[in-house]
Amino acid sequence: MSSSTPPSSPDEKKQTEEPTRPPAKRRKFAASGPPSRHVMRTRSRVKIFPIMDLPPELRNNIYRHVFSDSIPEPIKLKAIRLPPLLSVSNIIRVEALSVFFYEETFTTTVRSNWCIRSRHYHSPLYHRYVECGNVELHPLLCSGQHILPKRAIRFRKLEFRVTCVCCDPGITIGVVDLEVVGRTPTWKLTMLNTKQAEAKLALEGMCVEVKELVEDVATRRRFNGFTVQDVVDVGDCFRDDGA
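Quick note: the sequence shown uses UniProt numbering, first residue 1, plus one each step.
Don't read these hints as lab results, they were simulated from the structure.
Ideal Cβ placement from N, Cα and C applies to all residues, glycine included.
Just so you know, not all the hints are guaranteed correct.
As the list claims (entries may be wrong) - In silico BS3-like links for lysine-lysine, alpha-carbon gap of 30 Å or less:
#1 200 / 211
#2 76 / 200
#3 157 / 200
#4 157 / 195
As the list claims (entries may be wrong) - Okay, the calculated beta carbon distance ranges per label pair:
#5 183 / 62: 17 to 25 Å
#6 58 / 171: 41 to 49 Å
#7 64 / 131: 32 to 40 Å
#8 221 / 119: 37 to 45 Å
#9 130 / 216: 21 to 29 Å
#10 64 / 120: 43 to 51 Å
#11 78 / 181: 25 to 33 Å
#12 119 / 139: 32 to 40 Å
#13 222 / 87: 25 to 33 Å
Work out the full structure, taking the sequences as your base and the hints as a guide.
What follows is the structure, encoded as structure tokens:
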């Protein structure tokens, strides 16, 4: 007696006709496509660009391009963070550091003995009088703490925020901006308490000394920026010794 095979159901027939798929992991690596053209660069394949072989003028242009508006906010003179370029080598650090100070904008807060609340000058008897006119500098700018001579440092853009010595440090009387355009220094006073006539007169009186100092500095031979000592001297202008 011959046995007959029962006819396959439509579902079983469909399953037998479908090609077998590779496992998920195999499909991931078996995908077809154009070969990758990416070349992995290892340490042995990296070529060192001989920047020190370039002329000094071209190297300075490279430094200016790197530092020009690289930091959108003014840099605090007491908390300077050097850009990564200055950590490449000591040779580049020494050469590019002067360009860094010249191209960036630096700011400092100076305490004044003018009291904006009581509207008077504090005399030298006031216990905080010694803080007036002081400019806090980063150790990099102090004597014996940097690898670049002070005479090689020039500031082109400076911002002095003048505050009251006895009031909240956040209360700013005004802002004095100094900038060197070509070889000509310019200055601008921005009053932040224009409603107080006494404060306006007091700050304008201090700025007269700043203007005289800036004009005197500009008479130097080959003037091209403010030195570290100039920054300290400008800060002294915001202390009224005759109060």
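Cross-check of the supplied hints:
{"no.": "1", "hint": "200 / 211", "in the structure": "holds, 16 Å"}
{"no.": "2", "hint": "76 / 200", "in the structure": "holds, 25 Å"}
{"no.": "3", "hint": "157 / 200", "in the structure": "holds, 24 Å"}
{"no.": "4", "hint": "157 / 195", "in the structure": "holds, 28 Å"}
{"no.": "5", "hint": "183 / 62: 17 to 25 Å", "in the structure": "holds, 23 Å"}
{"no.": "6", "hint": "58 / 171: 41 to 49 Å", "in the structure": "holds, 47 Å"}
{"no.": "7", "hint": "64 / 131: 32 to 40 Å", "in the structure": "holds, 36 Å"}
{"no.": "8", "hint": "221 / 119: 37 to 45 Å", "in the structure": "holds, 43 Å"}
{"no.": "9", "hint": "130 / 216: 21 to 29 Å", "in the structure": "holds, 26 Å"}
{"no.": "10", "hint": "64 / 120: 43 to 51 Å", "in the structure": "holds, 46 Å"}
{"no.": "11", "hint": "78 / 181: 25 to 33 Å", "in the structure": "holds, 26 Å"}
{"no.": "12", "hint": "119 / 139: 32 to 40 Å", "in the structure": "holds, 37 Å"}
{"no.": "13", "hint": "222 / 87: 25 to 33 Å", "in the structure": "holds, 31 Å"}
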